[in-house]
Every structure is written in C-alpha cells, then in structure tokens.
Amino acid sequence: MSIEVKDLSFRYGKIVALDGVTMKLGEGAVGLLGPNGAGKSTLLRILLGFLVPGRGEGKVLDYDIRRDRAMIRRSVGYMPESDCFVAGMDAVTFTAYFGELSGMPRQEAMKRAHEVLFYVGLGEARYRLLDTYSAGMKQRLKLAQALVHDPKILFLDEPTSNLDPNGRNEVLELIRDISSNKSIQVLLSSHILADIESICGSVVILNKGRLAAEGRMADLRAIDYSLFELRLKGDGEAFRKDLESRGCRVDETEDKLIKVYMPEKSDRMDIFRAASRTGVQIRYFVKSQTSLEDLFAGVVGVD
Amino acid sequence: MTAVIAATHLSKWYGNVLGLNDVSLEIEAGITGLLGPNGAGKSTFMKLITGQMKPNIGTVTVRGRKVWNNPTIFAGIGFCPEHDVFYEEVTGWEFVTGLLRFYGYSGSDIKQRAARALDIVELTKDKDRLIRGYSRGMRQRVKFAQAIAHDPEIIVLDEPLSGLDPLGKRKLIKLIKAFRDEGRTVLVSSHVLPEIEALTSRIVLVHQGKILAQGDIPYIRELIEAHPHMISVRSSDPRALAARFVGDRSIQKMSFAPDGRTFVVETHKRDDFFARLTGVVLEGGIEVEEISSPDDNLQSVFEYLVGK
Amino acid sequence: MATVREKGYSHWDGKLTERRFPWWPITRTGILLAFRKKRFKFVFAGSFVPAVVFLVGLYISERLEDFKAFLQGSDRLLNINPNYFKTYFTNDSLLFLIVLVLGFAAAGLVADDLKHNSLQLYFSRPLRKKDYLLGKMSVIVFFVLILTAVPGLVLLIFKLIFAGSFKFFLDYPWLPLSILGYSALLTVFFSFYVLFLSSLSKNTRYVTILVFMIYIFSDILFGMLSGIFHEPAMALFSIKANLQQAGAFLFGQKLPFAVPAVWSFLILAGICVLSAAVLNRKIRSVEVIK
Chain Z
1056 MSIEVKDLSF RYGKIVALDG VTMKLGEGAV GLLGPNGAGK STLLRILLGF LVPGRGEGKV
1116 LDYDIRRDRA MIRRSVGYMP ESDCFVAGMD AVTFTAYFGE LSGMPRQEAM KRAHEVLFYV
1176 GLGEARYRLL DTYSAGMKQR LKLAQALVHD PKILFLDEPT SNLDPNGRNE VLELIRDISS
1236 NKSIQVLLSS HILADIESIC GSVVILNKGR LAAEGRMADL RAIDYSLFEL RLKGDGEAFR
1296 KDLESRGCRV DETEDKLIKV YMPEKSDRMD IFRAASRTGV QIRYFVKSQT SLEDLFAGVV
1356 GVD
Chain X
921 MTAVIAATHL SKWYGNVLGL NDVSLEIEAG ITGLLGPNGA GKSTFMKLIT GQMKPNIGTV
981 TVRGRKVWNN PTIFAGIGFC PEHDVFYEEV TGWEFVTGLL RFYGYSGSDI KQRAARALDI
1041 VELTKDKDRL IRGYSRGMRQ RVKFAQAIAH DPEIIVLDEP LSGLDPLGKR KLIKLIKAFR
1101 DEGRTVLVSS HVLPEIEALT SRIVLVHQGK ILAQGDIPYI RELIEAHPHM ISVRSSDPRA
1161 LAARFVGDRS IQKMSFAPDG RTFVVETHKR DDFFARLTGV VLEGGIEVEE ISSPDDNLQS
1221 VFEYLVGK
Chain A
802 MATVREKGYS HWDGKLTERR FPWWPITRTG ILLAFRKKRF KFVFAGSFVP AVVFLVGLYI
862 SERLEDFKAF LQGSDRLLNI NPNYFKTYFT NDSLLFLIVL VLGFAAAGLV ADDLKHNSLQ
922 LYFSRPLRKK DYLLGKMSVI VFFVLILTAV PGLVLLIFKL IFAGSFKFFL DYPWLPLSIL
982 GYSALLTVFF SFYVLFLSSL SKNTRYVTIL VFMIYIFSDI LFGMLSGIFH EPAMALFSIK
1042 ANLQQAGAFL FGQKLPFAVP AVWSFLILAG ICVLSAAVLN RKIRSVEVIK
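Protein chains in written order, with the working numbering: chain Z, 1056 to 1358; chain X, 921 to 1228; chain A, 802 to 1091.
Just so you know, not all the hints are guaranteed correct.
As the list claims (entries may be wrong) - Here are the simulated SDA-like cross-link-like pairs (lysine to any residue), alpha carbons at most 25 Å apart as the crow flies:
# : chain 1 : residue 1 : chain 2 : residue 2
1 : X       : Lys1130   : X       : Ala1160
2 : A       : Lys1003   : X       : Arg1059
3 : A       : Lys916    : Z       : Ile1278
4 : A       : Lys916    : Z       : Met1056
5 : Z       : Lys1320   : Z       : Lys1263
6 : Z       : Lys1263   : X       : Tyr1025
Unchecked claim - Quick look at which bits of chain Z chain X covers, simulated, 3 or more residues with Cβ under 8 Å:
# : segment
7 : 1114–1126
8 : 1187–1201
9 : 1245–1258
Think of the hints as simulated: they come from the structure by calculation, not from any bench.
Where is the CB? At the ideal position from N, CA and C, for every residue including glycine.
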C-alpha cells in the first residue's frame, strides 16, 4: 500500500477540515473528488508533509506522516493547479533546478531534465525561455518538474485546466501512460469527472472533512439489479411490448435511450431475441452502472 | 427556425494577427456549443457578438440589428467571460448592482434583479463579502449572476463551468437548460468537450479563423468520410463473431482489443452491420456484453477535424 | 545483442543525495538570474568604483611622494591607517552602491516567487523554509561580501604589497577582523532588509523602489528632524547613519554622530528581527496547496 492513513483529523482554528479519514490506497490511478471545501487540499497537504495532523496517523510510501515529512517529499511529485514558473529561465534549467532541489546531483538532474521534457512533449521547445510558453506548454512543464526526480507517487491537481481539447487529450494520454506504468501511483484531484472516469480505477470522495466513498470505481458504480441501456433503430413499440410480456420493465428517457430492467436470473440475450423477433436493430447495448456524477451526488448529498 | 444571431462575412484581425476569416453563420435559439483549439478565433467571435469589438469586414447582427455601437442591444445580451474581471474590493452585491446600473434600471428594480440573480447562483449568503475573499467557484458564480441579472435573451458564456465542483457544474447545466427551455439563446464555449456534450448536441467548430463544422454532432460525424464509423462489441467469443463478418465487404477494418473480449469494426455502412449483428449473435450462441460506438462523440469529431 | 529502448517513460536509477547545503542551487540560480537582468552587469561593474578609487589612493600614498606636493591639504586621504579603511567601508557612495546593486539583483528574490507562485514548487521538495530563506539570503551575502569583505581584504593585501613590508599589519593586527566584522554586519543587515522588502510585494519593480526609497528617505528624515530638533540622536532614524556609526565603532575610530554606538547596533538588530518575523509569517502563510 503506498498511502495509508488512519483516523486523520485536522482543524484550522475552529474549522474542522478533516474528521477521522481512514483509507488505504494501492496501485493504479486514484481519483480524489469532493465539493469545494471538502478537505481535499488539507488531505493533500498532510500527505505531502506540510501539515501535521491534529489526530491520527499514516504512512506515505513507508514514511510516517508525522516524523518523516521531508522524506516524503523526496519521493513524491506534485503538479500544482495554479500557474507557477520562474521567470528568466528556460525549460531545461527550470526542470534541472527543481530536480537538484529534490536531491539529484547536478549532472543527473540535467540529463534527466532533457529526458523528461521530451517525454511530456516539450522536447523542441526546451531551450526557450519560459516567459514565451503558452498555457498548454506551461501545464506540461509542471508535469515535467513533478516527474524529473522519478517519484513513486504523483499528485496531480487539476492537470488539464486551461488546456484546449487537443492539449487535454495529450495530457490525459501522458497520465494514463504514467499510471499504467505500475510503479508510479497517481493521485488525481479534479472536478472534471470525465477525466477521472477515463484514467482512474479507484476513487476517494470526500465531503465535509469525512470520507464519503472509497474503492474501485467498478465496485462503487455497480448496480445489483440487471439494468441495460439500449439504443435502437426500428419499431420500438413492438420491441417494448415483447420484452414487457416476458416480465421486464422498459423505460425511455427524453434522450431516446431505452432502459430495460430485467428480472433476476434472466438471460441478457433475451433482449437480442426480442430484437430479432421484432426486427429491431440494437445499436448500443451497455450494462448500466451508476454514472460517476450520480455516484458523487448520491454520496455527497444533493439538496 | 429563425436565426437569433447572424454573422455575414465576418472578418477581424489584430494588426496582422488573424482573428476571424470570412465567417458566415447563423445561431438559433437554444444551446449552441462553441469549440476550437487555442487561437482558433472563439474569443474573437464572442467579443464581436457581444459588441466589444468592431468587425473589420462584415457584420454581426442580433435579430437583424447590428451589434456594434448599439447599446440598446446590449440589454439583451449577457456575457460571462472566462477570466476574472473583478474589482476585488467590492462585494458580490455591489458588483452585480453596479453593473446593472448601466442598463438604466430603477433603484428598486436593480435590487430585485440582483437579489434574484444572486439567489439563482446560490450566493445570497455571501453577497456582502468582498470578492477578494471569494473562492474560485464563487467567483465563477458571481460572474454568471452578472450575466443573467438583466434578464437577457442571449447569453454568451466562456468556460462557465471552470472552477466549479461536480455538483456546481450539474446545477449550472440544469440552469442553462432551463434558460433554453424559456426560449433563450445560449452560446457556450468550452474546452472540456464532455461538458459541452452534456449541454447540447449542436455545435460550431472554429479553426484557424474559419468555421470548420456546424450542426448536430451525429450529423457532423456522419459527414466525416475519411473516418468510417467505429463499432465495438464485447462478447464471450469475439473471434467467432469476427469470423462471421470477415466476408462482409462493407467492413473496412477489424481489430481486437488487448482485453481479449472486444472486437472493433470500422465501416461506412453501419446499418448493414447492425442489421446482421443480432442474427449473427443469436445464431452463434454468443453472449454479448456490450455494444458501443467509441468514436461517435465530440472528442473524436474534434480530433478527426482538427487533428494534432 | 541489440537493445531497444522504449519511447515511454523510463525510470531513473540514481540515488537522491542529501546535500550538506540543500539550498545551494537556490543561491547559484539567484546569482545567475541576477546577472541575466539587463544592464545589471554595468551596475555591478560600476559598484567596484570605490574599491578602485581607494586602491589608487593606496598606491599614491605609498609610491608617489611627489603627489603629496600636488594635493596639499589632503593629508587625511593619504594617511593610510584604519581610518582609511573605515572611510572606504562607511563612505556614502559605497553604501549607496550596495543598495543599488541589491535593488536590482535581489529585489525579485522573493517577490518573483510570490508573483509566479513558485513557492509551491520549492516546498514540494524536501526543502525547509529555513533552507529556502538561507538560499535566497546567500545571494545577497554574495553580492555584499564581494563589495565589502573582498575588496577590503584585497586593499589590505595590496597595502602590504605596495609598502613592501608587514609593518602595517603588525601595527593594526585587528584590522582584518574589523573588515570581516563590519562586512558581516553589512551582510546580515542587508540580507534581512532586502529579503524582507522582497517578500512584501509581488512586483519586483515596486520592491526595487522600496529598497531605495526607504534607505534614502530614512536619511532625509534624519536631516529634517535634525534641523527641527538639533538633537544628535536623530541620527538613529537614518539607516545610513546607523551603518556608519557601527562601522566607525568596529574600526576603532571616532564616531561620526554624538550618540552611543550601542544604539545603532540595537536599531540595526531590531530591523533584522522584525524582518525575520515578517519573513517567517509571509512564507508560512502562503498556501502551497490551495
């Protein structure tokens, strides 16, 4: 387990930011979600060793979060949300500089800076001054400085903000590549659920300082009963009647999405048989699971 | 459908930097998504529509009337910019009421409208706090409040969802849809394509100062001939399934995914494929887990048209 | 056997070392960035003018006796004793040039980081706040020492070379200590002074102005108060005056102002303590993760 915390609590004065959070994060990419003010940043601060929890304990990569705080930062890469750079430097100098500050010897930091800049797609631009960089390039630079010292855990805070669709795609590809490389655990904090869905296998949802949900996405989103979503072409009415006569419930959303509720222990291929009988084309067929948005809303409490 | 916003041969440049190049298009009531890579001309277009800039060539009209230098039109347009454009030292209330003054409403009217707008975005509790102390999400919401306070018929939103948490996004999406249901016209620009898809299926894609595509997403997808439709079928026996389709001449490409259960087909004749699929599956006794079209979405349309 | 390297991400198998001075890259970078600023090289070169002038003075006093006839009434300048050194160290121009150099080179040390939000990047490394501040301060230490201790010791060495004997050194064996001591005082004071001002604003230009203005204004204030109250203690309002007092004391010379030197030391120390307190708060209150 790379990150393990138990009963973590923290208050800023009277405000309770975290209240008894316990979780274990293993391999793969984990999404960190929560409404604003839920305690995500406090949790990240504690995990990065900036804050000592009021109560509770934990380990990040076997370093204790109270005693070995500086050591944690050796093996963790952090990609901040807000813009950050140092004026007057070029990308190589910048990346190598922060690599050195992480503890890399100067020459190693230089070599590694070049490698990492190529990896994130800034190879051609690496000698240019940072002041000339576009928003997308600055975003990749942030990723580069987080990777230069080869961290074992990567904390990414809104990594796709300010990027155009191409940029978003590329950064997501990079993150997917990094997280599928099993030895780097990625913790992704984002408000864009589509990103989390496409990259993370597990999620942690915080709300009002407490853990609202945690686990593998597939498990959290699974629905016990058999619900299938379909899109058809053809006589929907006949199809519907056919299925209903077999004990299924069929609904249609305003979006022309057909939802079929099947009784327990039924064979999903019955749907295809019904389609065959009524001459209908099935163009989309998916076993329903709760959408991440609904999971979030359900767990955080919608008003 | 009559056009609400119409642009005719619209061109704008800044010195020799191109903004828009001979753009002609019509936007109808309802929600229209505006997308494009950075520097494509989206913000130029929005600024021209909201009367912040004068076109070099061409015109942009709202319900037939030119926008530029026409203050009477501004009352019918609300604009929510991407960046924070605040006076940090005023409260949310002062900000919204201050801007309302420009529209010439009476004092009590202003108060009422501001209160309503702030209530809609759920900032009533914090309206008397300085904007300097607002969180990112709150700033976004007060910008939105300012855009709707004067009850405009047309609302232009630039990245309205950025900075909001998932619930905030959901609420705002509902709100925008409510505006659409009231008959208003909303133009939303965003880089997060899944979020545009959640709002509307009608888009305008801008690239290098020109309109690359306009209309319904599935319709546009259909038109992209260079990329046949992708259909993905996950089942208990993908190879058996593939075997039965191999002879089908309308299929251009077949591949198998690493998971060992998914078979992906590319074809220009989706109808033929789907017409046969049910039969094939039942005949072969194959257990189907999932059927989907992986590139029938806005992200793929964007990639195919704009590329890398 | 051939190997094929994958294009994707590759791991680094080096070891992360624990440096004795983890902040050294900060200092090195700070100095490099300072030199990259436009026109700074000229300012820096120009700030050696007093050193050169005093060196020439040394040379004249030793070698060219005839010059004595030329410059009648300039006995004081040509008499090389600790006072000569004290004059070098405490003359208005040198102090002003130090302020000038720091105003350009060091004003952005913290201000730029605040403006561009790079504190997040620093502190997500195993750097303590102490390391960060030491690293930044060392940039100032570099510049001040190179304008004070280094020329000071060089002047001393050249005096011995020109005189051809160690007599001078034996006469005043404590002189090197004075040089070092006063340089240290200037260094410490300016480090806190400039770094403190740099942390107050996000705008480097504004900090540069502050660095100059406070220094100059404190002196003007002294002048005005002196005119009103005719009290020598008014000298304590001027940073420059305090520095000159301290300098005179450390070189064992007559104090320029009729106020006990200990007050000057206290005021200078007080400014340092205030700066340290503010710096401590400023850096802590910046949230690395929002």
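Going through the hints against the structure:
Our distance criterion of 25 Å between C-alpha atoms is broken by Lys1130 (chain X) and Ala1160 (chain X), whose separation comes to about 47 Å. For a cut-off of 25 Å, the pair hint linking Lys1003 (chain A) to Arg1059 (chain X) stands: about 22 Å separates their Cα positions. Between the alpha carbons of Lys916 (chain A) and Ile1278 (chain Z) the distance comes to roughly 49 Å, so the proposed pair goes past 25 Å and is violated. The hinted pair formed by Lys916 (chain A) and Met1056 (chain Z) fails the criterion: a straight-line CA distance of about 38 Å is larger than 25 Å.
The suggested pairing of Lys1320 (chain Z) with Lys1263 (chain Z) is violated, with an alpha-carbon distance near 40 Å, which exceeds 25 Å. The straight-line distance between the Cα atoms of Lys1263 (chain Z) and Tyr1025 (chain X) is roughly 41 Å, outside the 25 Å bound, and the hint therefore fails. Three residues within the 8 Å Cβ limit are the bar, and the segment 1114–1126 of chain Z against chain X gives 0, so the coverage statement is violated. Counting residues of the segment 1187–1201 of chain Z whose beta-carbon sits less than 8 Å from any beta-carbon of chain X gives 3, enough to reach three: the coverage restraint holds.
Check on the segment 1245–1258 of chain Z: 4 of its residues sit with their Cβ under 8 Å from a Cβ of chain X, so the three-residue criterion for coverage holds.
When held up to the earlier numbered hints, the structure conflicts with 1, 3, 4, 5, 6 and 7 and fits the remainder.
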